[in-house]
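> Whole structure, please, built from the sequences with the hints as guidance.
One-letter residues, chain by chain:
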Amino acid sequence: MEKLISKIPDGPLATKWTKYKASVKLVNPANKKKLEIIVIGTGLSGAGASSALGELGYSVKTFCYQDSPRRAHSVAAQGGINAAKNYQNDGDSTYRLFYDMIKGGDFRAREANVYRAAEVSNQVIDHYTALGVPFARDYGGTLDTRSFGGVQVSRTFYSKGQTGQQCLLGVYSSLNRQIKKGNVTMYPRREMLDLVLVDGKARGIIARNLLTGEIERHAAHAVVLATGGYGTIYFLSTLAVNSNASAAWKAHKKGAFFANPSFVQIHPTCVPQLNEFQSKLTLMSESLRNDGRVWVPKTKGDSRPANDIPEEERDYFLERRYPAFGNLVPRDVASRATKERCDAGFGIGDTGLAVNLDFRDSIKKQGKKAIENKYGNLFDMYKTITGIDSYEEPMRIYPAGHYTMGGLWVDYELMTTIPGLYAIGESNFSDHGANRLGASSLMQASGDGYFILPNTISNYLADEIRVPKISTNKPEFAEAEKTVIERLNKFISIKGRQTAASFHKRLGKIMWDYCGMVRNEEGLKKAQVLINVLREEFWKDLNIPGEYTELNQELEKAGRVADYFELAELLVTDALDRNESCGAHFREEYQTPEGEALRNDEKFAYVAAWEYTGEGKPHILHKEELKFEEVEMKVRSYK
Amino acid sequence: MKLTLKIWRQKNPKAKGNFETYIMDNVSPKMAFLEMLDALNKRLVEEHKDPVAFDHDCREGICGSCGMYINGHPHGPVPAITTCSLSMRYFKDGDTIWVEPWRAKPFPVIKDLIVDRSAFDKIQIAGGFISVNTGAAPEANSILIQKKKSDDAFDSAICIGCGACVAACKNASAMLFVSAKISQFALLPQGRVEARERVRAMVEKMDELGFGNCSNTGACEAECPKEIKLVNIARLNREYYKAF
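Protein chains in written order, with our numbering: chain A, 1 to 639; chain B, 1 to 244.
To be clear, the hints were calculated from the coordinates, so they are not data collected in a lab.
Don't be surprised by glycine CBs; every beta carbon is placed ideally from N, CA and C.
The reader is advised that the hints may include incorrect statements.
[Said to hold, decoys possible] Derived lysine-lysine pairs resembling DSBU-like cross-links, with alpha carbons at most 35 Å apart:
1) K16/B with K181/A
2) K623/A with K25/A
3) K42/B with K181/A
[As the list claims (entries may be wrong)] Taking beta-carbon pairs under 10 Å as the criterion, some of the chain A residues facing chain B (in silico):
4) E55
5) R71
6) T129
7) R137
8) R146
9) Y322
10) A324
11) L570
See the structure below:
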């Protein structure tokens, strides 16, 4: 149990980060050049960290699986990025942003980390603006903001429905500047297939060149994972289809604890599944709930076109159940309420698995032009997919897997339980508790990458200045490389009948049915059995053509799916172990008479950090008690 | 729907490619184009054949990974969308669909429909940034920008770097791509400081990498999935002349 040392600095919450920065060990500029850092992933956190570390003078090697760092999945974030600027004079502050996140996360996040994320949020906006990110502006030339779910202030900065793209192109540009200067070397089309430890410290990776199949060794003094979340474990999700958990999972198997894996956010507003071959679900930004009203018919099976259903026959169920926050309740609450209505038979469309998101009233009040200005590209996107014009009739939406609050356990310095291995952005667990509030993902990822990690990593590297360049000829690299190649050959040698994607699809269905928006003991236990059976079938009947020594997209998928089988098992174990409902983790056994989540603070106010103990052996649970010094744990109510 | 696919197959950059014919039965109009290719690949793998290699990721039209020539158009016949957003409802039973990779000298074919677009990254590395270190930025609202200018900068900034403009151009010119980035920064006060160096560096790199000249044909604008406008090219030219 002593293994979890969170390294939270002493003193009042508001001064912890300042105090930390003032006392952290530094590395002098001449030594920085000699220190090598590997960064995996080029989203907001990875490209941000690579840029900032390059600016400081470290020798950075950055990897991504895409053909260009500009394609990392941060690019798809739509609605916005939060900051506590209080430009609207609506009572916002660092403290309020912090409090909203702690409450939004249902009191399952670490206070000090969350406060710091809120604290650096303003610097993030300043930096992006300086980099030329075209955030929306008001006529006087100042920055505009809008509201997101779970808050009562307007603190979300945005670029129409493409905020993620614009921020990502911002970090991509700063990354390019460092590549030009020679401080960062970029390795695109590489997939990390193992982490290499030397004397217990993270010292490098084994990567596969996805174009040539070549297995490469890369060494460094420290390794940073910025590899995103594992939402594609559901197969159908809002994530890019190649997003995966493999880098994080390999690190986990080498000793990095995995925290709160069952905290998965199901996003309420996505385009419903249209066909059985569907490869992904598309998100419709939460910002739409600023002006769109969610409703279903009051009568079961009412199949009239939405516009023909009169006002008094519509059930605006979010406004009805949550009058204080209305359509802007947090995502977990909105998703469950949607599922509840559909399960009760009030859903619309052929499948009954959809509800209306209606802009009629806002268009009437503000005019079509105003709505088009705010959400034009989202309406276009919806029309492209469905053929429906949402200026004329409501969008149809249904929840889908989206964001994973869980991830690698990290301390205050964002270091995992492996010395020298860091996890930033969505790949760590630290800031969102059991539910993430909208527009705080871009905020946290950017803050981690640009402002937090570059400060904390020097505390570790200051003691590494005498360590010469790490050689990839060390036996640890050879050993890891051998294991990687054996595994790749194993996939190919099965020569069964089914594709990796077909297994992924079936695994996703199990996870969605038994470990999605709503869970219960019986279902979770059933899922454990089903996952195991399917996993055995996978290793007997997988069909991978070609060799590992060439471009082989099927082989890439196989590796990711194989890791997902293992992660799925842990996810279910964690969900089963947490005998309470909190945030996105909703156990049917634990709910209030009104159907709201029922926490058990006495027994479960902790972070569940799971230790890998070997193939086929059970994980060991370590608990990090969550101490709330600043806030009082309350029932989370949006009524 | 029953469709005939004619797909460009090329084992590696040096191999001589050719069109292969595949018959697809039971294609649903609700499928996305790439989902139809997924279905084809599933079948090919089950038949122990080499599946068709293509780049794709977000599948919602924003990452810029996907891109192929479909019936003579980059990203297919429907304007203003990427390949991944193309729905099969735009095709009809009995259609023959021709699928090819981007064809441009600076984008060599790697395998089948995958091309090497790293030339785009090289142009951006040459100067597609504003030189500001982390922590050095002024308070965001201390930079006031006219809403119109900011909106125009955004309209240029939405380029996804897919390469359709180059593929569409008979000269394989990258002017639309480069001009979009130049325009975004030229329109913003933050970007003015380095405007001269930026435009010279990016244009020089573009020429060095073998992209052709612009002859104002406008195919790039017509085929751009993000509807980046030709006016950006005019602005690039102005910026370039001003830079000497």
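> Determine which of the earlier numbered hints do not hold for this structure and return their numbers in increasing order.
1, 3, 8, 9, 10, 11
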